[in-house]
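**Q** Here's the letter readout for the chains.
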Amino acid sequence: MNMELIQPFINSLDAVISEIMRCSARIADVTMQEGNYQRTGVAALVTLSGDIQGRIILDMDTAAASQAASDLAGISGEPSEETAREIICELTNMVIGNSVTQLNDRGFKFKVHPPELFLIDVGPRGTLDSETVLLRFELPKGAVYLNIAVHDNSHELVGSPA
Amino acid sequence: MEFKPLTSGDQPKIRFLVVDDSVFARKNICKMVEAFGGEIAGEAGDGVAAISKYKDTLPDIVLMDITMPKMEGIEAVEHIVQDHPNACIVMVSSVGYQDNILSALQKGARHFVQKPVKPEAFYEIIRYVLSENAAPSPTAAGEAQS
Numbered sequence: 000m001n002m003e004l005i006q007p008f009i010n011s012l013d014a015v016i017s018e019i020m021r022c023s024a025r026i027a028d029v030t031m032q033e034g035n036y037q038r039t040g041v042a043a044l045v046t047l048s049g050d051i052q053g054r055i056i057l058d059m060d061t062a063a064a065s066q067a068a069s070d071l072a073g074i075s076g077e078p079s080e081e082t083a084r085e086i087i088c089e090l091t092n093m094v095i096g097n098s099v100t101q102l103n104d105r106g107f108k109f110k111v112h113p114p115e116l117f118l119i120d121v122g123p124r125g126t127l128d129s130e131t132v133l134l135r136f137e138l139p140k141g142a143v144y145l146n147i148a149v150h151d152n153s154h155e156l157v158g159s160p161a
Numbered sequence: 000m001e002f003k004p005l006t007s008g009d010q011p012k013i014r015f016l017v018v019d020d021s022v023f024a025r026k027n028i029c030k031m032v033e034a035f036g037g038e039i040a041g042e043a044g045d046g047v048a049a050i051s052k053y054k055d056t057l058p059d060i061v062l063m064d065i066t067m068p069k070m071e072g073i074e075a076v077e078h079i080v081q082d083h084p085n086a087c088i089v090m091v092s093s094v095g096y097q098d099n100i101l102s103a104l105q106k107g108a109r110h111f112v113q114k115p116v117k118p119e120a121f122y123e124i125i126r127y128v129l130s131e132n133a134a135p136s137p138t139a140a141g142e143a144q145s
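Protein sequence lines correspond, in order, to chains A and B.
Numbering that gives the first Met the number 0 puts the last residue of the first sequence at 161; the count rises by one with no breaks.
Numbering that gives the first Met the number 0 puts the last residue of the second sequence at 145; the count rises by one with no breaks.
In short, the hints are calculated from the structure, not lab data.
All residues carry an ideal CB built from backbone N, CA and C; glycine is no exception.
Treat each hint with caution, since some may be false.
Here are the simulated SDA-like cross-link-like pairs (lysine to any residue), alpha carbons at most 25 Å apart as the crow flies [unchecked claim]: (1) B:117 to A:74; (2) A:110 to B:113; (3) B:30 to B:54; (4) B:26 to A:40; (5) B:30 to A:22; (6) B:106 to A:112; (7) B:117 to A:101; (8) B:26 to A:18; (9) B:26 to B:57; (10) B:26 to A:66.
Sample of chain A residues at the chain B side, in silico, Cβ under 10 Å [claimed, not checked]: (11) 15; (12) 82; (13) 84; (14) 99.
Sample of chain B residues at the chain A side, in silico, Cβ under 7 Å [as the list claims (entries may be wrong)]: (15) 22; (16) 24; (17) 66; (18) 68; (19) 93; (20) 94; (21) 95; (22) 96; (23) 114; (24) 115.
Let the hints inform the model, and build the full structure from the sequences given.
**A** Here you go:
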């Protein structure tokens with residue numbers, strides 16, 4: 000896995016959590032995944048196409064989603080399913096958007112598609128050319144998971160016929 | 000944090016059109032606008048709806064997201080500015096790379112705010128954009144002198 004592609008996502012998640020939820024997100028675990036992705040709580044998926052190709056899933060457990068709902072919208076207690084979904088999409092949008100900004104400024108050109116709710120329990124596995132890394136971040140309350148399956152497509156695009 | 004209202008008591012409130020595909024993001028931005036003493040003229044969830052809402056409400060400021068379904072924010076800016084050259088549009092997006100910012104400014108946006116939005120910075124940018132809008136343009140000033 001190319002860490003140059005992964006690091007911006009880690010930095011962005013930390014920055015967004017710190018800005019929005021006023022706490023730090025500590026990396027508790029990093030694993031390479033071979034099987035299908037198993038959703039933990041409420042999750043959103045973003046696909047990337049261009050120099051960087053692949054998909055990222057942001058997944059929050061119930062405790063983290065409740066904290067985010069409280070910090071972002073002043074909702075106390077467990078948020079409704081709809082609110083939790085809106086929150087995860089917006090958080091994903093911010094994390095991915097900020098990562099994309101960093102990667103784009105390093106010369107990678109690619110398109111980000113709007114976040115989609117990830118509703119099925121078991122998701123897609125990484126493809127043969129994109130290993131999947133799963134990062135678990137611990138918050139003061141709950142955990143956030145970032146499942147990243149991306150690869151650098153820029154050399155292939157340069158070499159491909161017009 | 001408290002903000003000094005954007006307009007004084009005897010002036011009409013500044014009217015905002017908030018465009019974002021996320022209902023949640025719109026709610027958050029609307030809350031900030033109200034904390035600044037502004038008024039929500041309308042909301043839209045994509046670029047196509049934004050163009051139509053702009054015509055209907057003729058807001059003082061548009062707060063426009065970039066990545067949206069149907070039509071992206073930068074394209075919507077181009078359409079709005081084509082029909083309303085004085086439209087005052089501020090991009091509010093998490094995707095803040097150079098190409099995107101430049102493209103939005105070239106199409107006629109006045110400023111860019113990166114998400115997550117910090118209310119204090121957002122307030123200052125809105126005040127700045129409003130003051131720019133209120134100031135006579137060099138051409139208009141020249142016309143007034145001649």
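**Q** If a hint holds in the structure, say so; if it does not, say that too.
**A** So, going through the hints one by one against the coordinates:
The straight-line distance between the Cα atoms of residue 117 of chain B and residue 74 of chain A is roughly 20 Å, inside the 25 Å bound, and the hint therefore holds. Proposed proximity of residue 110 of chain A and residue 113 of chain B is supported: the alpha carbons are some 17 Å apart, at most 25 Å. With a CA separation close to 23 Å, the supplied pair residue 30 of chain B and residue 54 of chain B stays within the 25 Å bound. Restraint check: the Cα-Cα separation between residue 26 of chain B and residue 40 of chain A comes to about 23 Å, which is no more than 25 Å; the hinted pair holds.
For the hint pairing residue 30 of chain B with residue 22 of chain A, the CA-to-CA distance comes to about 22 Å; that is within 25 Å, so the pair holds. For the proposed pair residue 106 of chain B and residue 112 of chain A, the alpha carbon gap of about 21 Å is at most 25 Å, so the pair holds. For the hint pairing residue 117 of chain B with residue 101 of chain A, the CA-to-CA distance comes to about 19 Å; that is within 25 Å, so the pair holds. With a CA separation close to 18 Å, the supplied pair residue 26 of chain B and residue 18 of chain A stays within the 25 Å bound.
Proximity of residue 26 of chain B to residue 57 of chain B is assessed by CA-CA distance (about 20 Å); at most 25 Å being required, the pair is judged to hold. Only pairs whose Cα atoms come within 25 Å are accepted, and residue 26 of chain B paired with residue 66 of chain A is accepted, the gap being roughly 18 Å. For residue 15 of chain A, the shortest C-beta to C-beta distance to chain B is roughly 6 Å, which falls under 10 Å, so the interface hint holds. The interface hint given for residue 82 of chain A is met, as the beta carbon of that residue sits about 8 Å from the closest beta carbon of chain B, less than 10 Å.
At about 9 Å, the closest approach between the beta carbon of residue 84 of chain A and any beta carbon in chain B falls short of 10 Å, and the interface hint on this residue holds. For residue 99 of chain A, the shortest C-beta to C-beta distance to chain B is roughly 5 Å, which falls under 10 Å, so the interface hint holds. For residue 22 of chain B, the shortest C-beta to C-beta distance to chain A is roughly 6 Å, which falls under 7 Å, so the interface hint holds. Because the smallest distance between the Cβ of residue 24 of chain B and any Cβ of chain A comes to about 5 Å, under 7 Å, the interface hint for this residue holds.
Because the beta carbon of residue 66 of chain B sits about 6 Å from the nearest beta carbon in chain A, less than 7 Å, this interface hint is met. A least Cβ separation of about 6 Å between residue 68 of chain B and chain A falls short of the 7 Å threshold, and the interface hint therefore holds. Given hint, residue 93 of chain B at the interface with chain A, holds; its Cβ is 2 Å from that chain's nearest Cβ, closer than 7 Å. Because the smallest distance between the Cβ of residue 94 of chain B and any Cβ of chain A comes to about 4 Å, under 7 Å, the interface hint for this residue holds.
For residue 95 of chain B, the suggested interface contact is upheld, since its CB lies about 5 Å from the closest CB of chain A, less than 7 Å. Among the interface hints, the one on residue 96 of chain B holds; its C-beta lies about 4 Å from the nearest C-beta in chain A, closer than the 7 Å criterion. With its C-beta approaching chain A no nearer than about 5 Å, residue 114 of chain B sits inside the 7 Å limit, and its interface hint holds. For residue 115 of chain B, the interface hint holds, since its Cβ comes within 7 Å of a Cβ in chain A; the closest pair sits about 5 Å apart.
Hint compliance for this structure: every hint is met.
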